[in-house]
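Both chains are given apart, each in its own frame, so use the hints to dock them into the complex.
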Amino acid sequence: MARGVTIDHVSFGYGSGPVLDDVGLEIEPGEFFAFLGPSGSGKTTLLRLIAGFGRPSSGRILIGGRDVTSLPPWSRNVGMVFQSYALWPHMSVARNVAFGLERRKFSRAEIARKVRAALDLVGLGPLADRRPAQLSGGQQQRVALARTLVIEPDVLLLDEPLSNLDAKLRVEMRAELKQLQGKLGITAVYVTHDQEEANTTADRMAVIDSGRIQQIGRPVDLYDRPANRFVATFLGTVNLIDGRIESGRFFADGADGLVLEGIDGAAGPACLSIRPQDVTLGAASAGVAATVAAHEFLGGIIRYRLRAGAHDVVVDVPHRRSAEAYAVGTDVGLILDPRNVTVLR
Amino acid sequence: MARDLIAGVQPRPHDPAMTVDAAAPGSGTSLAARFGASPAQIAALALVALFLIAFLIVPILRVIAVAFTGPDGGFSLVHFGDFFRTGLLREAFWNSIYVGVMTVALASLIAVPLAAIVARYRFRGAAFVHTLGVVPLVMPPFVGAVAMQLIWGRNGAINLLLLDWFGFRIPFMDGLNGVIFVEALHYFPFILLNLSASLANIDSAMEESAQNLGAHGFTLFSRIVFPLALPGYVAGAALVFVKVFDDLATPLLLNVTNMLAPQAYLKITSVGISDPMGYVISVIMILCSVGAMALAGLTLRGRDFATQQRGGGGLSRRPLGRAGTIAAACFVIATLLIVLSPHVGIFLLSIATVWSFAVLPDGYTLAHYATIMREAGPLIGNTVMYCGLAGLIDVVLGATLAYVVLRTRLPGRKLIEQVAMSAVAIPGLVLGIGLLRTYFDVKLPNGEALATFWLMLVIAYAVRRLPYALTAASAALQQLHVSLEEAAENLGAGKLRVLVRIVVPLMTGGLVAGFVTSFATAAVELSATLILVARSADAPLAYGIYVYMQSAAGRGPGAALGVVAVVVVAVATFLAYRFAERERGLKSREVF
Chain A
7 MARGVTIDHV
17 SFGYGSGPVL
27 DDVGLEIEPG
37 EFFAFLGPSG
47 SGKTTLLRLI
57 AGFGRPSSGR
67 ILIGGRDVTS
77 LPPWSRNVGM
87 VFQSYALWPH
97 MSVARNVAFG
107 LERRKFSRAE
117 IARKVRAALD
127 LVGLGPLADR
137 RPAQLSGGQQ
147 QRVALARTLV
157 IEPDVLLLDE
167 PLSNLDAKLR
177 VEMRAELKQL
187 QGKLGITAVY
197 VTHDQEEANT
207 TADRMAVIDS
217 GRIQQIGRPV
227 DLYDRPANRF
237 VATFLGTVNL
247 IDGRIESGRF
257 FADGADGLVL
267 EGIDGAAGPA
277 CLSIRPQDVT
287 LGAASAGVAA
297 TVAAHEFLGG
307 IIRYRLRAGA
317 HDVVVDVPHR
327 RSAEAYAVGT
337 DVGLILDPRN
347 VTVLR
Chain B
3 MARDLIAGVQ
13 PRPHDPAMTV
23 DAAAPGSGTS
33 LAARFGASPA
43 QIAALALVAL
53 FLIAFLIVPI
63 LRVIAVAFTG
73 PDGGFSLVHF
83 GDFFRTGLLR
93 EAFWNSIYVG
103 VMTVALASLI
113 AVPLAAIVAR
123 YRFRGAAFVH
133 TLGVVPLVMP
143 PFVGAVAMQL
153 IWGRNGAINL
163 LLLDWFGFRI
173 PFMDGLNGVI
183 FVEALHYFPF
193 ILLNLSASLA
203 NIDSAMEESA
213 QNLGAHGFTL
223 FSRIVFPLAL
233 PGYVAGAALV
243 FVKVFDDLAT
253 PLLLNVTNML
263 APQAYLKITS
273 VGISDPMGYV
283 ISVIMILCSV
293 GAMALAGLTL
303 RGRDFATQQR
313 GGGGLSRRPL
323 GRAGTIAAAC
333 FVIATLLIVL
343 SPHVGIFLLS
353 IATVWSFAVL
363 PDGYTLAHYA
373 TIMREAGPLI
383 GNTVMYCGLA
393 GLIDVVLGAT
403 LAYVVLRTRL
413 PGRKLIEQVA
423 MSAVAIPGLV
433 LGIGLLRTYF
443 DVKLPNGEAL
453 ATFWLMLVIA
463 YAVRRLPYAL
473 TAASAALQQL
483 HVSLEEAAEN
493 LGAGKLRVLV
503 RIVVPLMTGG
513 LVAGFVTSFA
523 TAAVELSATL
533 ILVARSADAP
543 LAYGIYVYMQ
553 SAAGRGPGAA
563 LGVVAVVVVA
573 VATFLAYRFA
583 ERERGLKSRE
593 VF
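Chain order of the listed sequences is A and B. Residues 7 to 351, numbered by the working numbering, are exactly what the first sequence covers, in order. Residues 3 to 594, numbered by the working numbering, are exactly what the second sequence covers, in order.
For the record, the hints were derived by calculation from the structure and aren't laboratory data. Beta carbons are placed, not taken as given, at the ideal position from N, Cα and C, and that holds for glycine. Treat the hints with care, as some may be off.
Said to hold, decoys possible - Some but not every residue of chain A turned toward chain B, in silico, with C-beta under 10 Å:
hint	residue
1	A57
2	G85
3	E108
4	F236
Claimed, not checked - Cβ-Cβ distance ranges computed for the label pairs, FRET-style:
hint	chain 1	residue 1	chain 2	residue 2	range
5	B	A42	A	T243	56 to 64 Å
6	A	S45	B	I172	57 to 65 Å
7	A	R122	B	A107	40 to 48 Å
Claimed, not checked - Residues from chain B shown here face chain A by an in silico Cβ test under 8 Å; the list is partial:
hint	residue
8	E210
9	S211
10	G216
11	H218
Only chain B is shown next, with the shape it has when bound in the complex (with noise of 0.2 Å):
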C-alpha cells in the first residue's frame, strides 16, 4: 500500500528522461523507481511471459527439438535427410511453395485492380469492392471447398455448362489448382485490404507534385504510386502465404495430400506423436513461414516511410470514362460473383437433396437443418464456450501487454511483445504439435493428459489470436493520450482508480473489437483443431463441419453446420466493425 502511494507520485513513465531521473542513485532503488513501473504492473508482465513461455515458446521448441534428435538421442540431422530423401516428402514440399506463390499470384491478379480502381478513380460501385473485401473473409476456405467442387470441378456445374455448349472443360479444380483457386478466393482480401491502406495514406501532393514535374500516366504510376503502395502489397502478399501454407483442411477436403501441411497431420495422427517426421515438417513448415515473413520485412527494408504528411488524405480520384466505367463495373461483378460462389455453393449444398453431376441441386430440403438441429447443439456450445474463454485471455493479455508497453519502461517488454506478435507466422498445426507433445506427460488429477483436455483448445486459440487482440489494444491505448490519465492522477486519482475509472473505458470499443476479432476467426480455425481434439464430445464447430464434409451424405448437413458457421462469423465480424467505428468517431470528438 505504501510502496503505491509513492509510485503514484512518480513521474509518469512515458517520457523516458523524466523516468531516468526518478531512478537517479540515492532516490530508492526499488523496482518501481527504476523502471517506472508498479509491482502490480511488473506481475501482469510476468504473467503474461509465462503464458507465452507455456503455450508458445516451449511448445515451439519442443518441436525445433524433437526434429533435430537423433535415434542416440543427440543432435542430429539425420530427420532432415530422411525428409529430403523421400520422395514424397520433396513433392510435398514443392507442391506447398508453388500453391503458396500462385495463390498469391491468383489473388494479386483479383486485388490488385480492385484497389487501384477504388482508390484512382470516381467509381459508383466503390461500395461493392468494400463488401468484395469482406465477404470471403466471413468464411473458412475449407468450409467452401466441397461447395466450389459442385460449382467448379470437373463434374460440376460451370464445367457441365461449358462441356454442353462448348464441348471442353477447365481444371479449376484439378489437383493443386483447385487449393490455388480455394485460397486465393478465401485470401485476397488480405492485399486488397493492405493495399487499400497503403494506397489511402498517399499523400496528394506526392502525385500532384509528379504532375507538375511533367510526369502522368503510366510514368506516374510505374515511379510514384506503385513504389509508395508496396508496403501494403508486400504485407498482404506475405500474409497470404504464411495463411495458405498453413492452412491443412482445404487441401484434406480436396484430396490433396501431397501438401506439406497433410503429410505431417498424416504423420502425427497415423504414425503416432512420437514420429520424428511431423516434427521435421513442422519445422521446415516454420521456416517457410518465417521465411515469407523475414522476405517481406527485407523487401520493405528503409521503405518504411511516412507519407502521411501534413495535408495528406489519399489520391485524387479521377472521373472514369463511359467505357472504363463499364470495364471497371463488369471486372467488379466478375469478381463478386466469381467470389460469392462458395457462398452460393455451401447455401445449395445446404439445402440439396442430391447435386451430383449437375448443374444445380435436384431438389430442395430443410431436412440437413433438421438434422444438425438434432446433432449440432454440443458442437455450437463447444465452439462458444471455448472461442469466448480464447477471446477473453486475448483480452486480457492484449491489453495487460499493450499498457505495459506503452506505458512503462520495464525492460524486455518489447521483446514480450515481438514474441506475442510472432504467433502469426507459426502455422496452428506446428502449434498443436507442439502443445500435443509438450502436455501429453502431463496428466490432470483424473489421469488424463493434459494435451487432450478440452482446456488445451482454447489455450492454442489464444495463443494463435492474441496478435489480433494486442493490436487492437495497442491501437486503443494509443489513441488516449497520456495526459487524461495525469490529469485524473492531478486530481487524486490512484493508478487503479485511473485505470478502471479512466483507461478502461476509453478503451471499451477497441478490447471489444479485439475480443470479436478473436472470437470470430479461432470458430473457425481448424490446423491446431484437427490435432488436438481427442473426441467427439469436446469438438467445436469447425471440426463437425470437416468431419461432416468428409462423406458423402454428411455434405448437406456439414454444409448447414457451415451456413451457420458464416452467419456467427458475419454477425461478429459486422460487430466488430461497428465497435471500432463508433469507437473511431468518439474519439476524433473526444480527444483534440
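Bound-form chain A, shown alone (with noise of 0.2 Å):
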C-alpha cells in the first residue's frame, strides 16, 4: 500500500549546529525519491527521522496523512534497508526475512510462503539456508531488500544501498531496484552522495546540503535549472560567471569586457551557469574570443580549457575518430545559445 511521506518544517540538532534546519517537503505515493547530498549534509539523519530513529526537535513527520513523529521506530512500518545491510550473522537467509513477519503474528504457514515468495522476488531462492556470511556482497544486499519488502512497508527507506558495491554491480542493482519499486508500486526514499544514481532512479530529488534543503525536482529539471550555485555545482561540471546584467545583456566581472548577449533577466549583479556542453567551439572570428589552455581526454568527449580574456572557460566536446582535437594555443571562438544559459542571484 503505497503512501506518501510529508516532512513538515523538521529541525534536528544535537550540540552545536542543527544538522537539519527546517525542512520541509512532499513526498507522492508511489514516487521514487531520493535525497541527494554529499557526506555532512544530513540527508541520512533525515531518512533515518522517517524511520523513527531520533526525533526531531521541532516539525512533524506525516506518513500517508498520519502523524508518525512520536511513534517508535517499531510501530511505524516503514522499511528500512541499512548501508551495512545489517543482516543477523545468527541467521539464515531465510529467518532473517522471516524476522518481521514473526513479530507481525502471521501463521507459520503463511510466513513460509511469504519468505518464499520475497526471496524469489530478488532471485535468491535457492539460498534460503544460508548463512549471511556465505553470501556475496550484491546477494546480502537483496537479502536486506526480501527482509524490509516482505513486510510490506508502507514507505521503503534505502540508506547508500548501492555502497558497498562494486561499480558494474551497482549500476545492475540500481535498475534491478528501480523496476522492483515500479513493479511493486511502492513509495521509495533513497539516500546517496551519488548524482548518477539519483538521475537515474528517481522520479524526483531533494538536493541536500548544510542541512537544508537546496532545490527538490526532477533530476533533469535540477541538472538544466539549479537554483543556485551550489545544486549547480553539485550536480555536474559547470561554468560560473560573475558579472552584471543590464538591459538584455551580460556584463562579466573583470577588465577583459567579456560580454553575453541575449541573457534575460533582471537588472543588477547575477551569475552564469553555463554547462560545458552547452559551448560550441567555432573559428576563431565566430563567437566571443577564446584560446585553448589545456585539453582533456576523457573517451567519450574531449574537455577543453579555454582561457577568454580574464575567465576560464570549459567547454565539453564529443570526441570522433575523425576530428582532429584543437591544439594548445589554438584561437577559437566561443558560441553560446542563450536559451542553454541559467542565470542564478
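Given below as C-alpha cells:
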C-alpha cells in the first residue's frame, strides 16, 4: 500500500549547529524520491527520522497523512535497508527474512509462503538456508531488500544501499531496484551522494546541503535549471561566471570586457551557469574569442580548458575518431545559445 | 651473509601466491626460498618449539603416561578405576565440577547486569563499572580468602551483625560456598570484560534493523542482542571455569580439601611424586579444563560472526529513567562494596592487632608491616627476579612466534602457536607436577635436581603466561602493516635492520604491555609455585603470603604482604593499560 510522506518544518540538532534546519517536502505515494547531498549534509539523518531513529527537535513527519512524529521505530511500518545491510549473522537467510513477519503474528505457513515469495522476488530462492556470511555483497543486498519488502511497508527507505558494491554491480542493482519499485508500486526514499544514481533512479529528488534543502524537482530539471551555485556545481561540471545584467546583455566582472548578448533577466548583479557541453567551439572569427589552454581526453568527450579574456571556461566536445582535437594555443570562438544559460542570483 | 642477501630480494612472505611462485622449481630450492623465511627465522621458530616441547609437552605427556601406567609397567586403567572407587576422590571430582559451575553462575549474576547496564544505557556510573572490571583482578583470590572469612564467615563481621539484629546467619563461607563466593568475586571480570567487548562490537544497525521490522524490548534483546553477544559471554564463562578448576590455594586456605586440586597436591606432597593418584587427578583436571574450553568452542562454532561491519560502534545507548537510574546505581554500589570487601578486609587485617569474633579489629598497629620489612625482603626480591625473567622470556618467545606466524609461511608455525596458546587450559598445578616429575632425575653439576632449582619456577611462570605475551605481540604486529617493512626494504635496509629499526620500535607498546601482564599475573601465581618451591630461601611473594596465612599468628604479616602484592600488581596493571592505550593512540595517528 503506497503512502506519501510529508516532512513538515523539521529541524534536528544536537550540540552545536542544527543537522537539519527547517526541512519541508512532500513525497507522493508510489514515487521514487532521492535525497542527494554530500556526506555530512544531513540526508541520512532525515531518512532516519522518517524511520523513527531520533526525534525532530521541531516539526512533524506524516506518513499517509498520519502523524508519526512520536511513534517508535517498531510501530511505523516503514521498511529500511541499511547501508551495511545489517543482516543478522546468527540467522539463516530465510530466518532473517521471516523476522519481521514473526513480529506481525502471521501463521507459520503464511510466513513460509511469504518468505519464499520475497526471496524469489529478488532471485535468491535457492539460498534460503545459507548464512549471510556465505553470500556475496550483491546477494546480501538482495536479502536485505527481501527482508524489508516482505513486511509490505508503507514506505521503503534506502540508505546508500549500493555504496558497498563494486561499480558494475552497482549499475545493475540500481536498474533492478528501480524496476522492482515500479512493479510493487511502493513509495521509495533513497539516500545517496552519487548524482548518477539519483538521476537514473529517482522520479524526483531533493538536493540537501548543510542541513537545508537546496532544491527539489525532477533530476533533469535540477540539472538544467539549478536554483543556486551549490546545486549547479554539485550536479556536474559547470562554468560559473559572475557579472551583471543590463538591458538583455551580460557584462562579466573584470577588465576583459566579456559580454554575452541575449541574456534575459532583471538588471543587477548575476551569475551565469553554463554546462560545458552547451558551448560550441567554432572558428576564431565567430562568437567570443578564446584560446585553448589545455585539453583532457575523457573517452567519449574531450574537455577543453579555454582562456577567454580573464576567464577560464570549460567546454566539452564529443570525441570522434575522424576529428582532430584543437591544439593548445589555438584561437577559437565560443558559441553559446542563450536558452542554455541559467541565471543565478 | 650471501644467503641473507638472496633472502633479502625474495618477494615478501606475507603473500602466499607470490611466495609459491618464488619457490618454483629451479629457482633455488633452499629452505629460505621455499618458505619465504631466512635461516635465522627458521632457527628462531625451532627455538620456540624446543622450549614448548621441553617445558610444556613433555611434562604433560609424562603426567599422562604415569597416570596410565600399571603396577607392571604396561598400559593400564587400574589407577582410574581406583580413582572412581575411592569415595573421597569421587566426592572431590563432583565438588570441583559443582564449584566451577556455581562460580560461573554467581559470576554471571554479577557480570551480566553490569555489562548490560553499561552497554545499553546512558549511565553516569559507567566509570564505576569499569573500575569494577579491574579491581578484583589485581588481587588473587587466595590473598583475600582469609579476610573474607573474617568479613563473611560464620563468625565474621556480617554474620555477627545479622545475628545481633535479626537472629540468624547466612552461610556465605561455609565449605564449598566459601570457595564459590571468593572465586566468583574474583573472576567475574572475565565475563564482564568479554561480554562488554562482544556488546561493543555489535553494529547498531543490527539492532535498528530489528526495530525497523517491528521488534523491541525483550524480543529485541532475546532474538538479536543476546545471540550476538553470546560468543563473548561463553568465552568469559569458560575462562572462569578453567581458572576456578585450577585454583589450589583458595580451597586450601579455606580448609576445603575435598576438591580435585587440593587432593592432587596432598597426594604429591604427602605420599610423594611416585604416587600415581596425583597424576590420575592431574589427567582428570586437564580433561575437565580442555573439555570446558572445547565445549565453549563447540557452542560457538559457526558463530564467529564478524558483526563489526562498516558503520559499527556498539549499540545505541538510551537514557535510563529516574527509577532505572536508582536501581542501576544501587546494583553497582552494592556490587562494588561486595567486590571491594576482600581488599578492605586484607587491609584491615594487615593493620589489626587482633581480629576475631568481632565486626572490626580490636585495635590497630603497624607492627605487621615492620615484620615484613624485616622478613619479606628475599620474598619480594625472588618475585621480582622470577617474574621479571619469566616476563622477559615470554616477550622474546611471544614476539618471535608472532613474527614467524604472521610474516613467514614456515610449516608448523600455526601448530606451535596453538601449542603455546593451549597453556591457558593446562592447570598450573598439573604443569608443576609434570615439571617436577620430568626434571627430578636431571641433576645439576652440584648434585641438585633441576626440578627443584629456582629456575624451574621461572620456566613454569613463562610457560603459563606465554599466551598473554603472545596475544599482545600478535596484536601489536597485526596493526603493523607489512608495507612499513617493505618501504624500509625498498630503501635498502636488510632484514635485521628492518627488524631493529622498524618492527621492534613500533611493537614496543605491545611488548611492554605483554611483559607487564606476564609479570603481574606471574607475581600472584600459586598453583605451580606450591608444587615447585623446594626451600623457603627460594620462595616468592605469593608463597610467602600463603605460608603466613596458614597460621593464626601469621595472618597479620601475611595480610601486609598481600597488600604489598596488590600494590605491585595494581601498579603493573595500570602501567600495562597505559602502554596499551598510548600505543593505540599512536597507531591510529600513524597508520591509516
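Hints, one by one, checked against the model:
no., hint, in the structure
1, A57, "holds, 6 Å"
2, G85, "holds, 7 Å"
3, E108, "holds, 9 Å"
4, F236, "violated, 26 Å"
5, B/A42 <-> A/T243: 56 to 64 Å, "holds, 57 Å"
6, A/S45 <-> B/I172: 57 to 65 Å, "holds, 59 Å"
7, A/R122 <-> B/A107: 40 to 48 Å, "holds, 42 Å"
8, E210, "holds, 6 Å"
9, S211, "holds, 4 Å"
10, G216, "holds, 4 Å"
11, H218, "holds, 4 Å"
Hint violations for this structure: number 4 only, all remaining hints satisfied.
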